[in-house]
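Chemist: If you want the building blocks of each chain, they are given just below.
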Amino acid sequence: MKIDLNHDLCVGTGYCEMKAPKYFEIDDDGDNNVLQETVDEADLEQVQAAVSACPTGALRLTD
Amino acid sequence: MTATAQSPVDRSFDPISISTLDFWRAPFDERDKTFAQLRQERPVSWHPNMDFSYIEQSTPGFWAVVGHQDIQDISRNPKVFSSAEGTMLGDTPEFLSLPSSSFLNMDDPRHARLRKLVSVAFTPKRIAQFEVRLAGRATEIVDELIDRGDCDFVQNVARQLPMWSISEFMGVPQGQRHIASHAADLQASGGIDPSLNEGLEPLEAIKKSVGTLRGIGMGLAEQRRWHGEEDLITGLVNAEIDGESLTDSEIGAFCNLLSVAGNDTTRNTISHAMLALTNNPDQRQLLIDDFDRYIDSAVEEFLRWGTAVMTFRRTTTEATEIAGVPIAAGEKVVMFYNSGNRDDAAFTNPHTFDITRDPNPHLSFGGGGAHFCLGTMLARTQLKAIFRELFTRLPKLEVSDPQLMLSTFIHGVNSMPCTLNK
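Chains Z and R supply the protein sequences, listed in that same order.
Read left to right, the first sequence gives residues 1 to 63 (my numbering).
Read left to right, the second sequence gives residues 64 to 485 (my numbering).
Because the hints were derived from the structure by calculation, they are not lab data.
Built from N, CA and C at the ideal position, the CB exists for glycine as well.
Each hint should be verified, as a subset may be incorrect.
What the hints assert, rightly or not - Far from chain R, some chain Z residues (derived; all Cβ distances over 12 Å): (1) D8; (2) L9; (3) E41.
To be verified - For the chain Z half of the interface with chain R, some residues (derived, Cβ under 10 Å), not all of them: (4) M1; (5) L5; (6) D28; (7) E37; (8) D40; (9) A42; (10) L44.
As the list claims (entries may be wrong) - In silico BS3-like links for lysine-lysine, alpha-carbon gap of 25 Å or less: (11) Z/K2 <-> Z/K19; (12) Z/K22 <-> R/K96; (13) Z/K19 <-> R/K270; (14) R/K188 <-> Z/K22; (15) R/K179 <-> Z/K19.
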């Protein structure tokens with residue numbers, strides 16, 4: 001699975017970083033950096049939690 | 064589009080009235096009986112303008128949206144439901160729009176660019192760095208409470224941490240913090256609460272409040288141009304949008320927006336939570352017995368229960384429909400978060416205060432989308448810190464007799480005595 005971040009919808013709330021800090025980081029400019037695009041099998045649950053926590057619907061998981 | 068919207072002039076108003084001062088004088092639970100009926104029977108309903116509107120309104124009324132899902136749908140569709148015509152329930156005079164609201168009353172792309180200038184200060188990392196100092200301030204507040212003894216909880220506890228936190232972030236100096244915090248209250252009440260407006264007409268009261276907060280922001284901007292600090296105002300002074308610096312007036316608007324957003328929301332959430340914990344001793348005991356286990360879910364329930372922000376408005380940019388009800392272009396659509404947070408389609412036993420509630424998809428930071436609250440982590444950090452101090456050191460603390468703010472915007476508590484029961 002891969003992380004698909006829609007930059008137009010992202011406002012940098014950081015909810016994803018709280019759920020899955022290995023994959024997301026809001027940087028000092030307030031931009032969301034996806035640190036690792038491909039999700040490790042073992043982390044799928046936390047990345048899914050990050051995706052569904054996003055209040056602006058900016059995240060999706062794709063095959 | 065499946066149906067055509069009736070002309071607003073021909074349309075008849077809903078038989079249930081939510082547009083009078085008397086309705087908003089009633090307590091939250093009393094009002095929710097009315098909202099519950101609307102949720103059940105007419106989740107999208109047409110109402111006359113408030114009988115206490117400040118100025119002549121541009122439309123004969125507004126649509127009230129009271130269901131959880133509909134509020135989310137509207138919040139996440141800013142192209143149709145715009146913020147640019149104003150976000151307060153009714154139309155407000157010119158001086159209350161851009162000069163006081165900054166990016167709150169804007170749509171993207173400008174909204175996003177201005178918002179980001181502020182949101183850089185509220186990232187998870189920045190909040191984590193701030194947490195230790197914030198916890199230290201929470202300790203001091205409870206030290207002072209213990210020294211003082213029984214007193215007004217709102218002034219001495221609930222007001223203190225939000226006022227300190229937002230002031231530290233923005234760079235408001237000690238001597239101006241109380242002035243800013245009280246000015247913010249006055250605005251949160253829409254100037255209509257006689258216990259806050261010092262006998263002024265509502266519009267005059269708000270004008271005074273906006274002037275005070277803008278003045279503080281513009282004064283700080285002037286100082287920070289000469290000598291920068293590690294604070295938000297310095298960041299704004301140095302920021303550029305499309306190669307242009309922000310004007311002092313724009314920074315004044317930021318200061319006004321952040322003062323209201325930073326003071327009145329968290330303060331009232333703390334007050335409502337303390338009241339709910341007093342009135343629900345089993346829930347309070349559960350939290351005290353295993354604070355670390357329950358505090359995260361408890362904070363979400365504090366937010367849902369208190370619903371500090373009750374309303375925001377959007378204006379339709381085109382004909383549309385909500386829950387099958389046709390809405391014309393240019394109409395006011397008001398989201399009632401207080402109602403969405405008691406919607407039994409989204410919450411099991413919504414009228415029960417349950418600190419273990421999970422999931423808890425409350426709308427207290429908005430319904431999602433571009434305007435979602437940017438201070439959520441700061442708010443949660445404050446709520447955890449103050450209740451940790453209070454219940455570790457004063458487990459028998461109780462409050463009673465809340466004096467509620469008269470407002471259609473903020474669910475406020477003006478004062479509320481506490482007893483320490485040490």
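Chemist: Evaluate each hint against the coordinates.
Modeler: How the hints compare with the structure:
no., hint, verdict
1, D8, "8 Å, violated"
2, L9, "8 Å, violated"
3, E41, "25 Å, holds"
4, M1, "23 Å, violated"
5, L5, "15 Å, violated"
6, D28, "7 Å, holds"
7, E37, "20 Å, violated"
8, D40, "21 Å, violated"
9, A42, "22 Å, violated"
10, L44, "19 Å, violated"
11, Z/K2 <-> Z/K19, "16 Å, holds"
12, Z/K22 <-> R/K96, "46 Å, violated"
13, Z/K19 <-> R/K270, "42 Å, violated"
14, R/K188 <-> Z/K22, "14 Å, holds"
15, R/K179 <-> Z/K19, "21 Å, holds"
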